[in-house]
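Q: Now for the letters of each chain:
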Amino acid sequence: MRIRISKGTLTRLMLFVVGSCIAQSGLQAQGRGGRGGPPPPPRAGEPIDLTGYWVSIVTEDWRYRMVTPAVGDYQGVPMTPAAIKFADAWDPAKDEAAGNQCKSYGAAALLRIPEHLHITWKDDQTLQMETDAGKQTRLFHFGAWKAPGNESSLQGDSLAKWDIDRVAGKPVGGSLQVTTSHLKAGYLRKNGVPYSDNAGLVEYYDLVKERDGDQLLVVTTVVTDPMYLREPFIVSSHFKKLPDATGWEPSACSARW
Amino acid sequence: MGKLSMGRLSVGKLSTVLVVLLCVGLPAMAEIDLSGSWSSKNTEDALERGGGPHPDDWAGLPFNASGRAKALSFSQSTISMPERICWFQTQWHIAAGPFSLKIWNENDPVTGKIVAWVIGGWETRAPMTIWMDGRPHPSKDAPHDQTGFTTGTWNGNVLTAYTTHIKTGYMRRNGAASSDQATITTTFLRHGDMLTLALVMQDPIYLTEPYIITRSYMLTPTPVAVAGPPCIVGYEGVESGRVPHYLPGKNPFVDEMTKTYGIPKEAEMGGAETMYPAYRDKMKDEFVMPAKCKENCGVQGRN
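Those protein sequence lines, which keep their order, are chains A and B. Residue numbers for the first sequence follow numbering that gives the first Met the number 0, so the first one is 0 and each next one is one higher. Residue numbers for the second sequence follow numbering that gives the first Met the number 0, so the first one is 0 and each next one is one higher.
Some hints here could point you the wrong way.
[Stated by the list, open to error] One-sided and incomplete, this derived list gives chain A residues near chain B with beta-carbon spacing under 10 Å:
hint : residue
1    : Val-57
2    : Met-78
3    : Glu-114
4    : Ile-118
5    : Glu-129
6    : Asp-131
7    : Gly-173
8    : Met-226
It is worth saying that the hints were derived from the structure and are not from the lab. The C-beta atom is built at its ideal place from N, Cα and C for all residues, glycine as well.
So here's chain A without its partners, still in its complex pose (with noise of 0.2 Å):
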């Protein structure tokens, strides 16, 4: 059996498969910074799942992290001379007695410190995550909140949003993207090394699954600040998920340890 097709038919025919082609190119590039449509409600639009229990794996910069290094000890941070002058003043004792023994578990420090991260959906709108260590907890707002002020704080005000990867309009992955602002000054090491309350904080929260069935949180951060920092101060750490609340110990700030 034979058919026949007209010209028009043959157009329409062309029209439609190119179409298609550019659609499939269209939502193929709806990935991460691509465009797309009116964006899911942030919870039910997750194109990862964050919540659960993390626990630090510290493989890096150990001496930094797991013990209290040195007054003087700043290796791998590009200080500015002010800032090596503010670190080399850097006196615990101060900062217990003026109630600053958090200076080191500020938003821009905190994923640093060895602890455990509980990660839950505050509501629709907000994901929550908090630390074990220092008992510090942080908010990440989605969607067109505005900061209730200009008020500097600890953890600081943090705007969340989803990078979407997809395929044929499907999300198959994504990333979270959080930038923070209002910061109070605080240290990026224990041994006093300073950020200002004019820094800075992008952080971009990705999962990996290892070939063991592991899954594991990476935090790239991105830490500007022009009057300790001479470029931005950039570090990934990682986390691997845990079944359950196993090891969650919270515990007080310190400025020692």
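Given chain A, put chain B in place with the hints provided.
A: Same frame as chain A, but now just chain B:
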């Protein structure tokens, strides 16, 4: 010619076929371009990746008793033996070295499809080729070399590479070794001009848990060379037949981290336990913070 004759195809089926044929050049999965020059940000493990780690710094390394014994037997003069001068340089060099990366893709000349991503740019290493064309890994009995054999897959915008068939190499440049059964999984996480690599080494011979390292890079307009100077075997003073080493209990550097930074000796010796927060409680009473940093402090002109 106003009419075309076609075979036994409905218009619907024909459309489907044409869509498949015309769209075949598009990637099957979401992908992103990784090509370019990427500047390494050596803010983490700056000493280890730069001048080199202390000879007894194995804290945070999940090796087993065999791995520890091998590391303790290691003398830096070992790598002056002609047959071991290039021993260091497996693909783990990305994690342990300070080098920037040059990434490019190789295309099939007919279809234009990407058949491989290639990572070059660091000294003494051959580029790492990540095959994307679905080819299988060789038999486990196939020869191993320092480059190994790597395949990659996309999951959304994330590229995951899996390396096998690497020779015995190192995890840290102080004798912590990886075996020829080690594998490396490298995940490429791109966020705009930033690239984070998550490297996971698994080794049934020397590790009790995966060894995980993450590294960060920034896209740079300054070209990174596709290859650095090669590792060249030469005479470095070790006479033929001699194997520099330390016998058990004779390594003279086992307390260097304790003397320099007050870190308990047991922690220096590594093991999976030292990677986790709970280990801090165990060593808290033994740690003695030095009054002031005396060496490798990271301040130019001070030490």
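Q: Look at each hint and say if it fits the structure.
A: Consistency of the hints with the structure:
no.	hint	result
1	Val-57	5 Å, holds
2	Met-78	8 Å, holds
3	Glu-114	6 Å, holds
4	Ile-118	16 Å, violated
5	Glu-129	14 Å, violated
6	Asp-131	8 Å, holds
7	Gly-173	7 Å, holds
8	Met-226	18 Å, violated
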